[in-house]
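Chemist: Note that the protein sequences, when read in sequence, are chains C and V.
Following numbering that gives the first Met the number 0, the numbering of the first sequence begins with 0 at its first residue and continues without gaps.
Following numbering that gives the first Met the number 0, the numbering of the second sequence begins with 0 at its first residue and continues without gaps.
Hints were generated in silico from the structure; no laboratory data involved.
Heads up, the beta-carbon is just placed ideally off N, CA and C, and yes, glycines get one too.
Not one of these hints is a red herring.
Label-pair distances were calculated between CB atoms; the ranges are:
hint, chain 1, residue 1, chain 2, residue 2, range
1, V, Gly287, C, Asn198, 18 to 28 angstroms
2, C, Ser296, V, Ser242, 32 to 42 angstroms
3, C, Thr71, V, Ser242, 47 to 57 angstroms
4, C, Glu309, V, Pro199, 37 to 47 angstroms
5, V, Asp144, C, Glu200, 44 to 54 angstroms
6, C, Lys361, V, Lys100, 57 to 67 angstroms
7, V, Asp58, C, Lys374, 51 to 61 angstroms
8, V, Arg196, C, Arg125, 54 to 64 angstroms
9, V, Glu350, C, Asp366, 32 to 42 angstroms
10, C, Glu309, V, Glu60, 33 to 43 angstroms
11, C, Tyr297, V, Asp148, 54 to 64 angstroms
12, C, Glu178, V, Tyr247, 22 to 32 angstroms
In case you want the letters, here they are:
2 protein chains.
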Amino acid sequence: MNRRTFNTKLSQGIAGTALLSGIPLACAMGGAQNKKKLGIALVGLGSYSTYQLAPGLQDAEHCYLAGIVTGTPEKEKVWMEKYGIPKENVYNYENFDSIAKNDSIDIVYVVLPNSMHADFSIRAARAGKHVICEKPMAMNVEECDAIIDACKKSGVKLSVGYRMQSDPYTNEIKRLVSEKPFGKVMYVSSDAGYISRGNPEQWRLDRSLSGGGALMNMGVYSVQSNIYGVGLNPISISAQEFSTRPEYFKDTDESITAQMEFPDGTVGHMFTSHNASANRLFVSFEKGWVELNPCHSYGPISGRTSEGNEIKYPHQSQQKVQMDDFAKHILMGTPNVAPGEMGKRDMIIVEAIYKSIAEGGKRMPLDLGDMGIVKKNI
Amino acid sequence: MNRRTFNTKLSQGIAGTALLSGIPLACAMGGAQNKKKLGIALVGLGSYSTYQLAPGLQDAEHCYLAGIVTGTPEKEKVWMEKYGIPKENVYNYENFDSIAKNDSIDIVYVVLPNSMHADFSIRAARAGKHVICEKPMAMNVEECDAIIDACKKSGVKLSVGYRMQSDPYTNEIKRLVSEKPFGKVMYVSSDAGYISRGNPEQWRLDRSLSGGGALMNMGVYSVQSNIYGVGLNPISISAQEFSTRPEYFKDTDESITAQMEFPDGTVGHMFTSHNASANRLFVSFEKGWVELNPCHSYGPISGRTSEGNEIKYPHQSQQKVQMDDFAKHILMGTPNVAPGEMGKRDMIIVEAIYKSIAEGGKRMPLDLGDMGIVKKNI
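Make a model of the complete structure from these sequences and hints.
Modeler: Dropping the structure here:
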């Protein structure tokens, strides 16, 4: 056991005691959180891990790239060399469960195709690791429940890979919504889409691997930004599907529009597409508006208000901030800004959207309460 | 007959001959069009006539405020004095038909509540006057047909009060759509709404006078901008209604969302409301986007593109440009940028929206062909 591993175990022990005794974690730990970085293992080394997560982890303050899990042996050596990952922290999909015995891995980040999220998140939880499950959380609500249950049973933390929840632009929207400098929200409109022209065999276009098309991929961003753009969960939703390139989008949705009704009367519109570029959030208040465009991309995000003010923050890796937020949640007891219940809520909405489409655009009631709403952010 | 009246008759005579003989009107008339202004009579002296049309006419180049038609006797003197209108050009709703004998009135602009559009437009046509009918054109498609027929029978020109059709920002959108510097349009999104908090007894909130709420008032702008944002008519539409203040919006729609399907695969979203402020047009192309915000207000309009360019034109009265465009159409044979068929088309769409709402959001097919599309603008 090296010094870092020792510190990890130590701080986890303190954290556990603090939580049980009701003492605020940050107090119980004193300055300990500054000395500890949690080890993350990335499961699935596709482009998101390669170009976003691994680089983001290089700058992270509270976590680091400790291990990898890959089904492609030739990637092992490349990643080990590039990121100084020791051989004992490298796993494949078969021996993955033995990660339970590896104390240098604190968090498992599942970055696999959607159909594999539940399996690997549950196995990670059973291995005693905290879990980040990439969005969309799973193929359906049932799988979300299974992931949440597994994490609860194992006493590990669970987060969904909603990088936007940690983004300062998102949090400025939340602040405007909750502090009401422009009054109450009356209308929210959110678009998330891009034109897919790549390999038609990619897993995102294969329903058995993705669970759905634009809605599962980009649509959850629109669902999310509509919700934090109002600060409430919707009470009903209706939706429509549009298809113009069926030869390319063989069995996944190409474009979807949906309309949300919120309990305070706010009307929500969302659009998601694999056949049109759109990347916006517009929130109309009683006395003004705020717009982000781009809104859901890796940044830099750009925002403005009806008063002519620019919303601008220094650009940093959203993934770095997201993973640091989760590490801080584990280490210091700060809020989990993207808990499993949020991912499950969004999957309930996704299922309602597909059901509405199947029923010719019928308005589907939603009974979500406060599910997935995180009141106080970091 | 004074000199101006004589010139009017002369130019109308030449115009008639030119049209019959197929000679381009502007050639046949030589420089005559520069010397002639058409006389407009405003029917209904509410706020739109008072604060938009009459001031706009002061700067118009091809028409002028020649007469008024009002049901409020005390307004007669005020307007006569303010705008130098002779007594013989002042009418009330009862003696309005005698305007047929008044050679100084060339155009009648009907600015009455929607329920009176058809009646006065038809009476104006029968009186031999060219007609501008304020938007929405009428209460329903049947009335639109009656207006169009009456104008055809009387051989007079007909235009709908679509000020945006003459606006340079609209025409820049049309240029980007047709010249395709950003490629083909893939998605269009248009919002038009404001928060109504005024007198609940106003005619706009009385279905018997307005024919409908937000959709009839602001919604036609969204319909229009979705269409010129694509350059085609939609082939289907679905719609949803949202109601949160039924005590105020007793029998008119408060907020409506609608989704349009275009023959080239473009997806259209529109939102209109009397309970939320939104005033935008977003057009997403293959290789970029353009946005107007504000888009549908009296100006100044403001636009920008994905390349960071501002779209900016010197502000001028939209109503002045609109009425000048119609006068030029009459005088010089330039295109009628907002013909009656455009107003009828939009009313077909409005009726389909209400029908979709009544049928729970069902997608309604539309068979519009090129109806109302003006290919070449001034």
